[in-house]
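Asker: Just so it is clear: in the sequence shown, position 466 is 466 by the UniProt record's numbering, and no numbers are missing.
Hints are computed from structural coordinates only; laboratory data are not their basis. Please read these numbers as outputs of a predicted model, since none were measured by experiment. You may find that some hints are simply not true.
[What the hints assert, rightly or not] Distance condition first, Cα-Cα at most 30 Å in a straight line; then the derived DSBU-like pairs of lysine-lysine: (1) LYS144 <-> LYS195; (2) LYS109 <-> LYS68; (3) LYS173 <-> LYS86; (4) LYS336 <-> LYS222; (5) LYS86 <-> LYS68; (6) LYS511 <-> LYS445; (7) LYS229 <-> LYS97; (8) LYS538 <-> LYS420; (9) LYS229 <-> LYS195; (10) LYS528 <-> LYS420; (11) LYS97 <-> LYS68; (12) LYS44 <-> LYS68; (13) LYS539 <-> LYS511; (14) LYS86 <-> LYS180; (15) LYS149 <-> LYS203; (16) LYS144 <-> LYS222; (17) LYS528 <-> LYS538; (18) LYS436 <-> LYS393; (19) LYS144 <-> LYS64; (20) LYS97 <-> LYS148; (21) LYS180 <-> LYS109; (22) LYS180 <-> LYS203; (23) LYS229 <-> LYS381.
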Amino acid sequence: MPEEQSQTIMAIDELQAIIQRCQILEEADFRGEDFNLFQVAGQKCLEDGYAAQLLEVVQNEKNKVIIKNMGWNLICPLVRCILVYKQEDDKREHCLKILDQLVQLCNAKELFLGLLEQIEQTSGEQVCQTVMLLLQPLQTVLFKLQNKKAYSVGLSLAMIMNQLTPLPVPYTKQQMQEDKLGLCQCCNAVVDFAKPFVNEVVKSMEKSSECSDMELKEELLKFCMKSLKYPLLTAQLEQLESIEDHPFRRFATEIIGILWDMREFIPLVFLHHKGRSPSWENEEFEDIERKNSADSLACLAYLMFVHCFGIDCFPMVFSPSYLLQRNMTHIEVLLKRTEESVLSKGLDLFESSLLRMEDNSLLHQYLEFSDFITVPQNLVKVMTLCPIEHLRKKSLNILQLFINKFDAEGKYTLFRCLLKTSNHAGVEGYIIQNIKDQIHLSLTKVCDNSWFTGHHLISLLDLVLLLPEGAETDLLQNSDRIMASLNLLRYLIIKDSEYNNQTGVWTMLAKIEQNFLKPLHVGLNMSKAHYEAEIKNKKENRREAHNSNTVCSVTVSGEKMPVMTTEMQLQVLHSALFTFDLIESVLARVEELIEVKIKAVT
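Work out the full structure: start from the sequences and follow the hints.
Answerer: And the structure:
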């Protein structure tokens, strides 16, 4: 007889021997040795492909008490075999029937722990397969549990979500269609798993104004909050062509539906993430919980105000400015992240909140809320630091949208703030251009605006018409700001006559010359001399080396440039000189206009 067949017969014989001995014992007389022997023999039968024989043992009515007490030990080898066998394999079908029998017969508490253990031990590509395999058995077992049912439901959902969270969320249409790890399918299966428990909570709420099972409701609420953070916070939720049943949009719809059914949707939409925090004894844990809550609530706001999930249930009695105020906290949370999927959600939520408002309708008092200052500052960071071009462009458009919504005093205050905090010449140049536009509106009587004329404007011009570090200012690094300032000054000189002096520019002309024009002259002379000397040295070195491809390095604007050939360095240096010439030509034009105006007066 072949050795393998002999070992299998021995495993079946051993299993039958254990069964026969235990059949005559009382339940209380089962020993630990019996449990171990039953598990080893049953596992051996499964591994050797004799699931049909094991199924007969499990289905035998005489073995009911034995299976009730010992059967849960077979969960681990059963799951392993089911995942190995293919769909059409009879052995897989036998294993599934064994699992079903165990669910019907085994001690609910022991079986519950066995199922959770299998979910906890799975990893990688088998996570979703294992979870989807065990969801139905787990749900059945949970309904059998009488004590601590809410706790057990919460533990199950937490364990499942903890196992899913490390998996990458499919983002592109192709990734969602392929769903290689099964995450899309699994997420929606988990929602279906939770629904019967949601229905229990809903029924208890319908019977009385207070939910009789608050503990279960809290566990389900925790599940919804986790789902908002993962996978929905990083998932692609735009409508995609050729995907009729978008898996994550469906999942989002289900989560919103659960929150609505449990009467938590509206309270959560208006919940400030710093306001609802349990009194944890561990401060570090409290910080983690608060951050998780902040991410979840931000995602919920995004779902409702950008994609209109649950919008039909939302009361339309709130002003756009109030909704913007409520969303600013969530926008700040999202804009602080660096992942494209999360950052883009922050920009979309900010944009959609602003588009609901009329231009010039946002009162300057809103800038007293800290979020109205920190959010544009975060927006500036996206504009200047984000490596993704389309997000940089979008953030610039949204900054302009934000500026447009404020009343005159709000624009004025925001300009002052951004000039002082942006620390980026390009952004400062952009703000200065906005200041020029507001001055133009005031001077052309399009709007009566005292904030961009007279003493208010003088105070603002003090921040604009100066060199940050005098003649030592790095003119190349600050060229955007300098050009914008010169263009603003040229506009003021042309548009505002010295007789009217509506802008106050003629009053502060001496100060402008001292703090801006003279140091700029000195700085230009120094910079041009430095770069011309650099060009001369490079050309001499090139002649000496007789090789235009010599590799070396150069420092421009205080930063070491990437390694490049001498020819490439010369191009960079000539480009810098061109920038200085451009600044110098505008400066000369400004001084010429000033001189002409002064002569006309005298």
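Asker: Give a verdict on every hint.
Answerer: Hint check:
Between LYS144 and LYS195 the alpha-carbon distance is near 16 Å, which keeps this suggested pair within the 30 Å criterion. A distance of roughly 11 Å separates the Cα atoms of LYS109 and LYS68; the hinted pair therefore holds under the 30 Å criterion. Pair hint LYS173 plus LYS86 holds up; C-alpha atoms about 28 Å apart against a cutoff of 30 Å. As the CA atoms of LYS336 and LYS222 are separated by approximately 24 Å, the hinted pair is consistent with the 30 Å bound.
Simply put, LYS86 and LYS68 have alpha-carbon atoms about 28 Å apart, close enough for the 30 Å limit, and the pair holds. Annotation: proposed proximity of LYS511 to LYS445 holds, straight-line Cα distance about 28 Å (limit 30 Å). The suggested pairing of LYS229 with LYS97 is violated, with an alpha-carbon distance near 36 Å, which exceeds 30 Å. The suggested pairing of LYS538 with LYS420 is violated, with an alpha-carbon distance near 38 Å, which exceeds 30 Å.
Pair hint LYS229 plus LYS195 holds up; C-alpha atoms about 19 Å apart against a cutoff of 30 Å. Pair hint LYS528 plus LYS420 holds up; C-alpha atoms about 28 Å apart against a cutoff of 30 Å. Of the pairs offered as hints, the one joining LYS97 and LYS68 holds, with about 16 Å between alpha carbons and a cut-off of 30 Å not exceeded. Straight-line distance between C-alpha atoms of LYS44 and LYS68 comes to about 20 Å, which keeps the hinted pair within the 30 Å bound.
Of the supplied pair hints, the one linking LYS539 and LYS511 is violated, its CA atoms being roughly 42 Å apart against a limit of 30 Å. Annotation: proposed proximity of LYS86 to LYS180 holds, straight-line Cα distance about 17 Å (limit 30 Å). A hinted pair counts as satisfied when its Cα atoms are at most 30 Å apart, and LYS149 with LYS203 qualifies at roughly 16 Å. Using a Cα cut-off of 30 Å, the hinted pair LYS144 and LYS222 holds, with the two alpha carbons roughly 22 Å apart.
With a C-alpha separation of about 15 Å, the suggested pair LYS528 and LYS538 falls inside the 30 Å cut-off, and the hint holds. The hinted pair formed by LYS436 and LYS393 meets the criterion: a straight-line CA distance of about 22 Å does not exceed 30 Å. Proposed proximity of LYS144 and LYS64 is supported: the alpha carbons are some 17 Å apart, at most 30 Å. A hinted pair counts as satisfied when its Cα atoms are at most 30 Å apart, and LYS97 with LYS148 qualifies at roughly 28 Å.
Only pairs whose Cα atoms come within 30 Å are accepted, and LYS180 paired with LYS109 is rejected, the gap being roughly 34 Å. At most 30 Å may separate the alpha-carbon atoms for a hinted pair to count; LYS180 and LYS203 exceed this at roughly 38 Å. This hinted pair checks out: LYS229 and LYS381 have alpha carbons roughly 24 Å apart, not beyond 30 Å.
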